[in-house]
Each structure stands twice: as C-alpha cells, then as structure tokens.
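Take the sequences, apply the hints, and build the full model.
Same order as they appear, the protein sequences are chains D and S. By my numbering, the letter at position 20 of the first sequence is numbered 20, and the numbering carries on one by one without gaps. By my numbering, the letter at position 14 of the second sequence is numbered 14, and the numbering carries on one by one without gaps.
Because the hints were derived from the structure by calculation, they are not lab data. Please note: incorrect hints may appear among the correct ones.
[Said to hold, decoys possible] To spell it out: a stretch of chain D is covered by chain S in this simulated footprint if at least three of its residues, at any positions, have a beta carbon under 8 Å from a beta carbon of chain S; those stretches are:
#, region
1, 140–148
2, 276–283
[Claimed, not checked] Keeping only pairs whose Cα atoms sit at most 30 Å apart, straight-line, the calculated DSSO-like set for lysine-lysine is:
#, chain 1, residue 1, chain 2, residue 2
3, D, Lys246, S, Lys16
4, S, Lys14, D, Lys246
5, D, Lys34, S, Lys85
6, D, Lys246, D, Lys231
7, D, Lys231, S, Lys16
8, S, Lys85, D, Lys169
9, D, Lys275, S, Lys85
10, S, Lys66, D, Lys247
11, S, Lys66, D, Lys169
12, S, Lys85, D, Lys246
13, S, Lys85, S, Lys14
14, S, Lys85, S, Lys66
15, D, Lys231, D, Lys134
16, D, Lys246, D, Lys275
Ideal placement from N, C-alpha and C gives every residue a C-beta, glycine not left out.
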Amino acid sequence: VSIFVDENTKVVVQGLTGGQGRFHGLRNRAYGTKVVAGVRAGKGGEDVEGIPVFNTVAEAKAATGANASFVSVPPAGAPSAILEAAAAGIPFVVCITEGIPAHDEARIFNILQREHSGTRLLGPNCPGIISPGKTNIGITAGEIAQPGGPVGIVSRSGTLTYQALYELKQLGVGVTTCVGIGGDPVPGTNFIDCLAAFEADPETRAIMMFGEIGGSEEEKAAEFIAREMSKPVVAYIAGVTAPPGKKMGHAGAIISGSKGTAQAKMEALSDAGAKVALNPTEAGEIMASIVAGLN
Amino acid sequence: VMANALEVINSDPKVKAIFVNIFGGITRGDDVANGIVAALGRVDIQAPMVIRLDGTNATEAREILKTVESDRVISMPTMLDGARKAVELAGGVVQ
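Shown next, in the form of structure tokens:
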C-alpha cells in the first residue's frame with residue numbers, strides 16, 4: 001500500500017481555473033488520479049475539460065466526495081485556501097505554492113494543529129505526492145516514477161525528489177510512495193511524519209531520504225531513525241559546498257552560523273545507521289543493492 | 001528568465017563553462033529550452049554550455065535544443081554526465 005493517498009483518493013483542485021492549476025490538474029488526471037472537482041469562487045457551475053468547478057471546497061466535497069485537495073493558488077490566497085479545505089473536512093491537503101511568508105506558514109501550522117487535527121498539510125512549496133501507478137497529486141512528471149515497491153521516498157527539494165524517482169527507475173526499482181515535503185521553514189508534514197508512515201507500511205521495505213542544508217529537521221529525523229526505524233534508510237544531503245549565511249534557492253535552505261551544514265546532517269544520519277550517499281546517483285545505486293538483498 | 005540568467009552568467013569573465021541542469025516539475029523544459037535559444041540569438045555566449053533537461057515537457061525541450069546544438073552547446077542525458085562534461089570543458093579534472 002501507499003502512504004497518505006492511494007488509487008481511491010478523490011482530489012479537488014483549488015485554483016483549477018488558473019494557468020498552473022489547469023495544467024497540472026489535467027496532467028494529474030491524465031496520469032490516472034481521480035481529479036473530481038475544481039474550486040474557484042465566482043466560477044461555480046463552470047467546468048475545466050469536464051471537471052466540475054465549485055465556488056467552495058465544502059460544495060465540491062458534498063457533491064463529489066473529494067477527500068484530498070491540491071492547492072494551486074498564489075501566495076496571497078494560499079493560506080486561506082488551505083484553511084478552507086481544512087474547515088471543509090478535507091483530510092489531506094497538498095500545497096505547491098512558493099512564496100508564502102514564514103509567519104503565515106507558522107500561523108496555518110498552529111491553526112491546523114489546534115482546530116483541524118484531522119487534516120494533514122503537505123507543503124507549502126513542495127512538488128506533492130505520487131504513488132506511482134496509483135495517483136499523482138502535484139507537479140511531478142509522473143513518467144519518471146516506477147510503480148510497485150519496495151522503496152518509499154521522502155525529500156525536501158522538488159528537483160531532488162524527481163532525481164530520486166529517476167535514479168530508482170533507471171535501476172528498475174519501484175516506489176510505493178514518494179513524498180515531497182517542500183523547502184520552506186515551516187512544512188506541514190516533516191521527515192519524521194513520513195518515516196513513521198513508511199515504517200508502518202508493510203509494502204515499503206526501505207526508505208530513501210533526501211535532505212538539504214538549513215534547519216535541524218534532518219538531525220531530528222536521524223534521532224528518529226536510530227530510535228524507531230527497523231527498515232534501512234539511504235540518505236543524501238544537498239549543499240555540501242554551500243557558503244554559510246546564503247539562502248540556497250529555498251527559503252529554509254540556509255546555514256546559520258555553524259548550524260544546518262550538510263556535513264553535520266550527514267554525520268547525524270550516518271551515526272543513526274543510515275547509509276549516506278555523496279550524490280543522488282550513488283543513493284540510487286546503494287538503494288538498488290539493498291533492495292536486491294531483501295528476501 | 002532563462003535568457004536573462006544566461007546573460008548575467010555570460011557577463012562574468014571568470015566563467016569557463018556553463019552547466020544548465022534542470023529537472024522540471026512546475027518548471028517546463030520547453031520554456032527553459034526556448035530561453036536558451038533566445039539567449040543564444042541575443043548575445044554571444046562566451047563559454048561553452050552543457051545542458052541537461054529532464055522532467056516536465058522534457059521531450060519537447062530536447063527537440064527545441066536540437067536546433068541550436070553545436071560543439072559549444074552540448075546536451076547531456078544525465079546530471080552526472082553533464083557535470084563531468086562541464087568540468088572537462090572548463091579545463092578541470094573529472095573525478
């Protein structure tokens with residue numbers, strides 16, 4: 001099985017009538033994802049290539065039974081779109097939006113924890129989630145992913161999420177679920193949430209974890225791996241040559257003083273028993289040999 | 001965006017090779033490829049360029065790039081191959 005989503009997940013796309021929402025919503029549908037509805041205030045009653053559009057998430061959910069949302073809304077509107085989905089009782093919300101202020105992210109995080117504990121937010125600023133062959137919610141090019149198993153992927157960077165999928169596909173290794181948690185400072189779902197879900201999923205038998213400089217999420221994940229994980233973990237950390245104090249592409253990817261360096265994260269993960277690769281291709285090769293050794 | 005970025009890099013005389021490495025999700029490969037074509041038409045790119053494009057609309061992107069490929073504009077299939085080629089063109093030692 002996959003984690004968080006599966007082939008029965010019904011998706012409502014918030015912002016389906018916008019440029020990105022339309023492109024990726026239709027691409028997700030073409031992959032096989034059950035894209036059942038779109039939401040855009042004022043455009044209720046219209047449709048996008050046969051996908052009905054509603055004014056609110058609550059209406060879309062009532063009419064279609066949607067149980068996941070794909071938020072493709074610009075930064076100014078994304079926080080309220082996420083909270084609207086949560087208030088409507090959508091249990092899984094993927095937000096790809098880049099550029100939401102960290103303060104807003106913290107506010108959403110706290111509101112979700114306090115008032116909507118039944119809703120899991122993935123992102124913002126993430127590529128989304130794909131369970132190859134079953135469902136693809138977000139902006140990942142589905143053709144780069146090999147269906148099946150036994151590997152689960154969790155990654156902070158979008159591009160490296162794709163690279164992880166690509167490397168495994170080249171080696172003929174299948175993926176149960178690939179989760180891109182996003183590169184912002186306050187992600188709704190973190191490494192540990194995904195590691196715990198993969199540990200509990202019987203079809204996932206090894207985990208590939210791609211992190212990057214900044215923050216301490218990789219170090220916390222390392223503690224979790226040492227304490228709770230029975231399954232093998234292959235890790236790669238981007239940003240070995242990143243200069244301190246410089247933001248590297250993602251809002252959260254910054255070395256502060258001596259904290260958040262790639263070296264420290266690699267060491268923590270290695271000490272926790274993870275196999276640490278020096279580049280994504282090597283991570284794929286290590287994983288392929290681990291998978292070959294599984295019986 | 002792509003064309004402007006290449007102009008910025010091109011203005012630095014210390015650059016000996018340019019490596020464009022894109023695995024597109026929301027970024028569409030054809031947009032990147034068109035940007036490269038536009039930049040090549042607009043300015044004289046000083047350093048040789050190695051391009052690796054994958055992901056969203058990669059097939060379209062590779063078709064577009066074919067029109068400008070030469071011994072100074074080279075497409076490579078993978079990130080590692082591309083990185084090695086760029087280092088080689090810059091006169092460095094490939095590990």
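Here is what the structure says about each hint:
{"no.": "1", "hint": "140–148", "in the structure": "holds (count 3)"}
{"no.": "2", "hint": "276–283", "in the structure": "holds (count 3)"}
{"no.": "3", "hint": "Lys246(D) to Lys16(S)", "in the structure": "holds, 23 Å"}
{"no.": "4", "hint": "Lys14(S) to Lys246(D)", "in the structure": "holds, 21 Å"}
{"no.": "5", "hint": "Lys34(D) to Lys85(S)", "in the structure": "violated, 42 Å"}
{"no.": "6", "hint": "Lys246(D) to Lys231(D)", "in the structure": "violated, 35 Å"}
{"no.": "7", "hint": "Lys231(D) to Lys16(S)", "in the structure": "violated, 45 Å"}
{"no.": "8", "hint": "Lys85(S) to Lys169(D)", "in the structure": "holds, 23 Å"}
{"no.": "9", "hint": "Lys275(D) to Lys85(S)", "in the structure": "holds, 28 Å"}
{"no.": "10", "hint": "Lys66(S) to Lys247(D)", "in the structure": "violated, 34 Å"}
{"no.": "11", "hint": "Lys66(S) to Lys169(D)", "in the structure": "holds, 25 Å"}
{"no.": "12", "hint": "Lys85(S) to Lys246(D)", "in the structure": "holds, 27 Å"}
{"no.": "13", "hint": "Lys85(S) to Lys14(S)", "in the structure": "holds, 18 Å"}
{"no.": "14", "hint": "Lys85(S) to Lys66(S)", "in the structure": "holds, 18 Å"}
{"no.": "15", "hint": "Lys231(D) to Lys134(D)", "in the structure": "holds, 23 Å"}
{"no.": "16", "hint": "Lys246(D) to Lys275(D)", "in the structure": "holds, 28 Å"}
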